[in-house]
Amino acid sequence: MSREVAVREEGLLTVRELRIAFASGHALLPAVDGIDLCVAAGETLALLGESGCGKSATALALLRLLPAAGRIPGGEVWFAGRDLLRLPEAEMRAVRGGGMAMIFQEPATSLNPVLTVGHQLAEVLERHLSLAGQAVRQRALELLTAVGIADPERRLGEYPFQLSGGMKQRVMIAIALAGEPRLLIADEPTTALDVTIQAQILDLLRRLQAERAMGMLLITHDLGVVAQMATRVGVMYAGEIVEEAPRAAFFAAPRHPYTQKLFAALPDLARRGSRLETIPGQVPALSAMPAGCRFAARCAHAWALCRAQAPEWRQVAPGHRLRCHLDGGQGAAWLGGGVAVPVAGPAAEAPAVTPPLLAVDDLRVHFPIRRGILQRTVGHVRAVDGVSLELVRGRTLALVGESGCGKTTVGKAILQLIQPTGGSVQLLGQQLGERSRRALRPLRRRMQMIFQDPFASLNPRLSVGEIIAEGMRALGVAAPGQGGGAAIAAVLQQVGLPAQAAGRYPHEFSGGQRQRIAIARALAVQPDLVICDEPTSALDVSVQAQILNLLASLQAELGLAYLFITHNFAVVDHLAHEVAVMYLGRIVEQGRVDEVLRAPQHPYTRALLSAVPGPRLEAQPEFIRLPGEMPSPARPPGGCHFHPRCPQAIAACREAYPASSRLTPTHVVRCHLPGQEESALTVSGMKTPPCGGVTG
Amino acid sequence: MPDLPFLPVLLWSDLLIWLLLFGALLLGWLSARNPLLCAAWQRVGRNRAGIASATLLLAFVVVGLLDSLHYRPRLENGSGPAAGGSVGSAPAYAVEVLSLLDELLAPLRTRHEKTYSEPLATRAHAKEAIEVRTPDGELRQVRDYPRLRHGGAHLGADEARHAADIGERVLHGLALALLAWWAVAAATAAGLARAEGGTPRAAWRRIWHGDSGFAWNALLAALAGLLLPAVPMALLAVDYHVFGTDKVGQDVLYQVLKSVRTALVIGLVTTLVMLPLSIFLGVVAGYFRGWVDDLIQYLYTTLSSIPGVLLIAAAVLMMQVLIDTHPQWFATAAERADLRLLALCFILGLTSWTGLCRLLRGETLKLRELEYIQAAQAFGVTDLRIIARHLLPNLMHIVIIALVMDFSSLVLAEAVLSYVGIGVDPTMISFGTMINNARLELAREPMVWWSLAAAFVFMFTLVLAANLLADAVRDAFDPRLAGSA
Amino acid sequence: MLVYLVRRLLYAVPILLGVNLITFALFFVVNTPDDMARMQLGVKRVTPAAIERWKAERGYDRPLFINLAASGSERFTDTIFFSKSARMFAGDFGRAEDGRDIAREIRTRMGPSLAIALPTFLLGLLVTVSFALLLTFFRASYLDVWGVVLCVALMSISGLFYIIGGQYLVSKLWKLVPISGYGGGLDAWKFVILPVLIGVASGIGSSTRWYRTIFLEEMARDYVRTARAKGLSEVGVLFRHVLRNALIPILTGVVVVIPLLFMGSLLSESFFGIPGLGSYTIDAINAQDFAVVRAMVFIGSLLYIIGLILTDLSYTFVDPRIRFN
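Chains as they are written, first to last, in our numbering: chain A, 2 to 697; chain B, 164 to 648; chain C, 3 to 327.
Derived from the structure by calculation, the hints contain no laboratory data.
If a hint is listed, it holds; no wrong ones were tucked in.
Straight-line Cα separation of at most 25 Å, DSS-like style, residue types lysine-lysine; simulated pairs: (1) K290(B) <-> K277(B); (2) K290(B) <-> K174(C); (3) K177(C) <-> K192(C); (4) K410(B) <-> K174(C).
What you are looking at is a predicted structure, and each value in this text was computed from that prediction instead of being measured.
Build out the structure end to end from the sequences listed, making use of the hints.
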């Protein structure tokens, strides 16, 4: 009983020795192995970890919501003086939504599609607050207002599909708040959202938590989100918490080698043009956990003891503890430590004037909207609406924008995977449009694509060798036979895979390895241009670093040109020479990386940059709050597309789409605002100057 | 050739059945090469219900295959002028087409009674006037149950031994079955022990506890379930009618075994007709979209909007007219019945491809948006090659699932259609015709139930096994289900 | 939404035309009217004159598609195809071999068909959905496992055996209701109850399994987890969330058969001697009465297409995504 008192004093939620396992046939595979954590009222504990480390399972286990195969073999979850794991199911239901509420990662699927927002809110109010009738409606309106939804009256009667992604997550938050919980569990609440929306939601969560003095358990993989939100941080690795620290101590001096590596693997302004730190190997499988320290196999500092014996908790500072056999000595050296090995190539030095490899002029891709009884075309989705860019050999152009801005469509239209509606694409001075498929084939050798999802981009029924050989055969690169085999082995080696991988099938590889295979497939036909469509967005940070390093060294070696499509500014900063920022199918700002990222001119670029949460505490720029979300490209707003969300919009913005203003020979922006009317040379028409080659 | 004691006859349905067997072997070979398919089949192998039903189905398939080797026996030229085997004349063959199964079951096939008799009976089902020689040598007419010509004839006058004889045979049969089963089980354990190392005893324990990668215990259990009734039945069938006889005195067990082939042909050949149509049209519609898709969609919506039974009825009626007005097309009755069976398969196939086609079109629409298809397009790989290498292999699981799922419903459909009068040729033995003939006799007092019961037991076993196997295959091949459980 | 419905309605027209073309091809092109006449008249009475008379009586004495003898639009209208199609669309199905008007026969027989089919449908839906909900609620328990095994066993039994067994037990052995026959008015229940019960029983296996699969699929969705996280009870989750969403796939299979209920059931009507459309069809098949079969095919397709439209209509009630788009 003395222990129970102690538990109550410690905080709102106390978890001891929680273990979670998943049943697989007769066996139980442990997913979480004895974690302890504690959340006090008003504080945010961020649980940080890469995919598969057991952080989401932990969150679900707290509410006893694990999927059918999930088991909780042991542990205690003390909440409000009771051990939730020993509560009868009926009482547990009162805790769910009432004492503890949860927000999930995917707002799109987490709301019931056939019930109105009001209905889904009312359910909680009736269940936990025993409200009825008009009181329910009143409270629901208050909640929607509290989460920042405009026109809550109307939204109450609407269905989830009528709301945008950000709004859905707001509704999810309102539902979570409806039962007036004391603890909020947020499982990757912003991972599915764009940065500007992510910033809004994080803002909202912080505000609500402060107002209500809620405890919050935030599950995330994003150090930037942790830096913005956490009071304390717990780092999970392979089913264990390996380090726990207050936020300031955590960001000032992370002590566990894994945490240090995580920081080092993040692409960042500070280490531009250098190789990123990577963590070799992979997280051990659930079924084969090593006996000693779970990170030992991947740890650069591991010694005999690490492999033999699992480390116990060790307190290194007040509130800062870790599980590591190493002494605290190297803790401080995490940022310097010979990490930044400069690589030749990607730095900002100007290349010689060369003819562009790729020249895209006024590219348009419009998809017809069919309506009515006869399915007549009533309008167009202007997915890409007049994009022009140029790229020379050996350089990287990053195409940045939020989801739905048309950046992926640009990539596919360049490759002629989607028929462009207008404009021209020239590769090596040859027009790509209006060529027959046969005539296009010689040029296909010159350009290839790397896709976003390494699990969807490899045919599961073909062996790796067959996957790589397919392009070679279709484009007649290598003669079939032994020559082909040697070529495949060579290209596999180029991407860091053993030659034996050719005989195996994609499902035997991890996400990062699959992305390497995809890169090998593209390289096999010796292209000059590679279009990378968010190649790292589905990968964990440490794996992302490996792939980025690989891409950088391949560029240095082979002189490839990359069109790098991404939403992640940190990656842009690390890899690209030039940047183009897209909004609603058009490029709004374009220039060299240092110009655009250090001195952004377009309000949208500025807002985007300010919304990216940085993985450090200092130097967080003032967040420019963008109202609303990106409108549909089917009905773009008149005038400047951005004006409804622009904090600085003036009358002119509502009337006409701004022409291109050239700020420097390489830096172009399309905005009415910048006070450069006198200095900027206004370029007529859509054609933007080459942003790649002509510097210097 | 001239000296052959029989003239091989290759019926169209035989050809298709052996083609199917070849196709199945080909699929097995392909599966063995592809690790994903291989893993899926291994999942089936671990499923106990699946393996047990596969064992039973295999027994049915063996019966069906034996029944698919047809020939015409050479006539004993006793009466013909060419008797004595004069060299020049070609041997004459019987008009009747027999199968290997008929040969094996010759006693069952040939021993006709006059009319109904109960299972294992020695006397007929209905009384009739028989002449009895009284002890004083007079012939008298009595109304009694007459002795059967074949059923229990070996007992002679010693009819009292009837029950004892049956009991003996059953016990004998059970002992034999157990012995055979034990031999197989011991061989399995020994084989497993040799393959994996260890003692047969340990291997046996692993089999029994279901520890092995393949559900040997289910296979052995199914084998036991098969042998224990089958061996005693075989011993009894030598001298009795195990399931009685029907109106014309034909052995019901023989009919039931002959029905198996009809059911298999209907269940399998139909899918053979349906698969190419639905795969081709479904994939083409989903991959090319546009007007091709519109056309194919229109085609299958129109076809599927005619209620199935009615469309089949209309088509079969028309086929009957066609066959009846062109008697000159067929050499033998068996050939006509066979072609009618095939035509039924074609009609069933033509009316049932729409469901699978719609499924495949939907899946193709999803697959073609996947990035590996786009990667192939970025290489300029031709459409045909994309379909063959990227789409078809990834649609395979749907096809396999549809194939096994459709089998049981087709077997059931045959019975209903034959009952309605639009099924197989009335002269062809099938579950449907058996039920149809037996149904009329239910009203008799005392009731003639054995034909129905036999048809029920065999059909139920066949369909249940097919359904359970279909479940196992679906669980193993459906990517959504394969991860769980 | 209105536009959506009008579009679906318009889409039905070409389908109906296609159905007409298919049936016409089936009935008049596979076999020529001469063949059919020979078939109908029997081998003995067949003379060229008799065939001509037979054809003339039924209006089959014209060319199939194009009448070269006629002029103007009559070239296309004075053909078997046009006249038969046009009359069918107008609801005139001609006469059966026994001389009766098919359309009238169909009208009088719809009642008994519906009297069997409608209760079977409603009761069956109720029983199977409840059973499936029960299995879903106790999923992965022994009840569920054995329930599914029972379903598989039930669906492995041919419908014929359900009818034969039911008739034997209930009517012959227990003598509870008459074996077969049909009477109008209040007495009808005696004749209706057994076919209905048998119809429900024979559908339990496959339908329950299908509904259970749908429910389980919905149970695995994210919104169910949200609903549980709200503190709702398992029953609440099942009825308020899962059932609502599962209605969409369930309606796809269910609504479409509602109009077809008019057609009755081939098997039970003929076994129980119910003078409905099902037994009418069987009789026509056995009598090789092509005109009746053709009429039934046409009506069946028409009802099916109405079912498709009803399905679309029902979506708008349960799926807000269609209602508001």
